[in-house]
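Engineer: Sequence:
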Amino acid sequence: MKMYKCPDCGRTSTSMYCDACGKTIPSQYVTYGAEAGTPSGMAEGTDATNILLEKISRAEERNNELLSAVKKNTKVVAVISIISMVAAVASALFTVLSLISFM
754 MKMYKCPDCG RTSTSMYCDA CGKTIPSQYV TYGAEAGTPS GMAEGTDATN ILLEKISRAE
814 ERNNELLSAV KKNTKVVAVI SIISMVAAVA SALFTVLSLI SFM
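According to my numbering, the sequence shown is numbered sequentially starting from 754.
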């Protein structure tokens, strides 16, 4: 959205005429959106944006914590799986040796 920042009073407007002092704003003072500063009536939107950015930041931190926990748990599960496989092989070997000894 085109915004015009008055060089005299510093307020922003959506038209080429300053709402505060009534002067015409030169075209070199045209900016877009947030670059124009905080227009009157948009302070709540800026605060809401900051709150959302904080929530996103916290969610990213939590996501990273969960990801590292999953990686640690994956390693633990892999070790337990290897131990289970070794136990299964040992059990099968014991069974085979027991059958051979009964023959």
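Just so you know, these hints were derived from the structure itself, not from any lab. Any given hint could be a false lead.
[What the hints assert, rightly or not] Once the Cα atoms are required to be at most 27 angstroms apart in a straight line, the calculated DSS-like pairs of lysine-lysine come out as:
| no. | residue 1 | residue 2 |
| --- | --- | --- |
| 1 | 808 | 824 |
| 2 | 758 | 776 |
| 3 | 776 | 808 |
| 4 | 825 | 808 |
[As the list claims (entries may be wrong)] Distance ranges between label pairs, derived from CB positions:
| no. | residue 1 | residue 2 | range |
| --- | --- | --- | --- |
| 5 | 804 | 772 | 48 to 54 angstroms |
| 6 | 841 | 802 | 52 to 58 angstroms |
| 7 | 856 | 826 | 42 to 48 angstroms |
| 8 | 848 | 809 | 43 to 49 angstroms |
Cβ coordinates follow ideal geometry from the N, Cα and C atoms, glycine included.
Engineer: Each hint: holds or not?
Structural biologist: Cross-check of the supplied hints:
Between the alpha carbons of residue 808 and residue 824 the distance comes to roughly 24 angstroms, so the proposed pair stays at or under 27 angstroms and holds. The suggested pairing of residue 758 with residue 776 holds, with an alpha-carbon distance near 11 angstroms, which does not exceed 27 angstroms. With a C-alpha separation of about 41 angstroms, the suggested pair residue 776 and residue 808 falls outside the 27 angstroms cut-off, and the hint is violated. About 26 angstroms separates the Cα atoms of residue 825 and residue 808, which keeps this hinted pair within 27 angstroms; it holds.
Separation of residue 804 from residue 772 is about 28 angstroms and departs from the stated range, judged on CB atoms against 48 to 54 angstroms. Taking 52 to 58 angstroms as the suggested C-beta distance range, the pair residue 841 and residue 802 conforms, at roughly 57 angstroms. For the pair residue 856 and residue 826, the supplied restraint of 42 to 48 angstroms holds, since their beta-carbon distance comes to about 45 angstroms. Take residue 848 and residue 809: their Cβ atoms lie about 57 angstroms apart, and the range 43 to 49 angstroms is violated.
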